[in-house]
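Trainee: Once you've looked at the hints, dock chain D against the given chain P.
Residue numbers (the working numbering), protein chains in the order written: chain P, 1 to 319; chain D, 320 to 644.
Bear in mind the hints are in silico, worked out from the structure with no lab data behind them.
Restricting the straight-line Cα-Cα distance to at most 27 angstroms, the calculated cross-link-like pairs of lysine-lysine (DSSO-like) are:
no. : chain 1 : residue 1 : chain 2 : residue 2
1   : D       : Lys366    : P       : Lys133
2   : D       : Lys365    : P       : Lys133
3   : D       : Lys366    : D       : Lys499
4   : D       : Lys427    : P       : Lys107
5   : D       : Lys366    : P       : Lys134
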Amino acid sequence: MIMDKELAKKLLRQMMEIRQFEDMIMELLAKNIAEGGSHLYAGMEAVAAGVISMLKHDDYITSTHRGHGHAVAKDGDLKALMAEILGKKTGVCKGKGGSLHLADVSKGNLGANGIVAGSLGIATGAGLSMKLKKTGQIVVCFFGDGASNNGIFFECLNMASLWKLPVVYVCENNLYGMSVSVKRASAVEDLSKKALAFDIPSETVDGQDVLAVREAAGKWIEQARSGKGPSFIVANTYRYYGHSRSDTRAYRTREEEKFWRERDPIKIFSGRMEEQGVLTAEEIKEVEEFVAKEMEEAVDYAMKSPYPEPEELYTDLYV
Amino acid sequence: MREITYRQALNEALIEEMERDPDVFLLGEDIAVYGGAYGVTADLWKKYGDERVLDTPISENAIVGVGLGAALTGMRPVAEIMYIDFIGLCLEQLNNQVAKIRYMFGGKCTVPLTIRTEGGAGRTLGAHHSQSLESWLIHIPGIKVVMPATPYDAKGLLKSSIRENNPVVFIEHKMLYNAKGGVPEGEYTIPIGAAEIKREGSDVTLITYSKMLFACMEAANILEKEGISAEIVDLRTLLPMDMDTVIKSLEKTGRAAIVEEDCKTGGTGAEITAQIMEKAFDWLDGPVIRVAGEDVPMPKSPVLEKMAVPDVNKICAAARKLIKG
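So here's chain P without its partners, still in its complex pose (with noise of 0.2 angstroms):
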């Protein structure tokens, strides 16, 4: 099938944007201009582009601690974001939240979440709102690998199965929960099959490649407006950077991150545009520097951006 032109642009486009955000702020914690940690999306673009590509304006996402991508691609504002993460007043959370809490519910961004599976209670609860509510609009809930370990995801599962709820759970499969490998920390390595338990449909899709994901990603959500509740995703991905600032990725060889490295997901995707005749090189390299450009003025905003003055410390956190 060949694809619109501007919907390439545009996917190509969110998945740069993460790309560049994500090197940005790797940069900037090297140079110590960003406090703190991060845990980089970078790698993993093709997943929250193609599933949230496929969502409509109001209907509802949660994140994980690895959330800048799913934040930028759920019409995320750069600048708040960049800002956000260096705990700026300007921040989509007024600087309060930072990476690990990147959110932007006016948006349908429930947040993202410093707790690993800490969302799932959230997005299954906003399925039943949506349910009870009869708005039409769905959830789609992000977790890793680890989550899929933890008790609430199993507690989860259950009622949006037993309840019938519009939620499609996207499992990022990026092979490690931190340091330890899926294989070491999951008695079923297909993790799809932990669906089959609670009676929802799963399907595995190559993370790597935004068509792929976007057609199963567009099947569940149709699936879950219709009614048919709840469905599980897999997405094989891999994450770039080591699991935060510190980690010298010795669990992992350099061998495997090569071979992930030459699936990446924004070469796949342009590399077929081109091939199909969508999109001209020219037309990729304009979008490669719109990004830069709008990069640059984010990380501006940011660093010229003021901190919240004291008073805030003590606001928002009673109506």
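Mentor: Just chain D now, with coordinates in the frame of chain P:
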């Protein structure tokens, strides 16, 4: 005024709020067909059906998490955790998610979620069904903690909790469900965060909440015959705590005993004592005394269970000590 039980008062509050606001719904273990382990949600399922009264699986962490997700997206859930002893199973969602999400998001969301639970000793249910864990919860900024003693307060405070746009943990006492008290017909609410003087006195202030209020009332009657006039402050809400009412009472009496059912070490009384030291030291004529639960898991034996929580004798002894030194 008519008299109804604490249980009926709570049940009425739920019905009135469900009638008032279609976004209010209930979820929890055994709350629908069974009507709740202590009967608080009796007959609500028949009245409102599966959509508004949801029996959940035994999944406490998800009950709280799902309540949060629903609250964030337009509903006004009332979740029930059958025993406060099970709160450990959902502290992750309560402490990390429910309490913090509004602050972490820079105030860009509200969490109109009420979590009803019950605690306390008295039924010889042993260590997993008798605890008083409120002090764990008052250590969590972002939630409110309400603990009513009378049917009147229970109804008015539950209605306020459900209408509140902040998360509230509403802790009932299992020994109070059958207790009767005056509750007027018709609409009223009681503000969260307001203590009440339940008995006026001039010699000593008994600061208390939940079931211990009644032990204090009984103690005050005994003390009165001995010529000791006890004032009783019923906190009603532990977070935020109405220290103004406490301090005002201490200005009058100069003597404070805190009567609480939870374990003494690190308990609610420790916090109240510290705040008295910070805010009312000059009014004190002597040290603050805590009459608290013993630092042990709740034993099964009825004899030992009684020993583990404060009683009228211990309260009287504390008051006498404060007066006579």
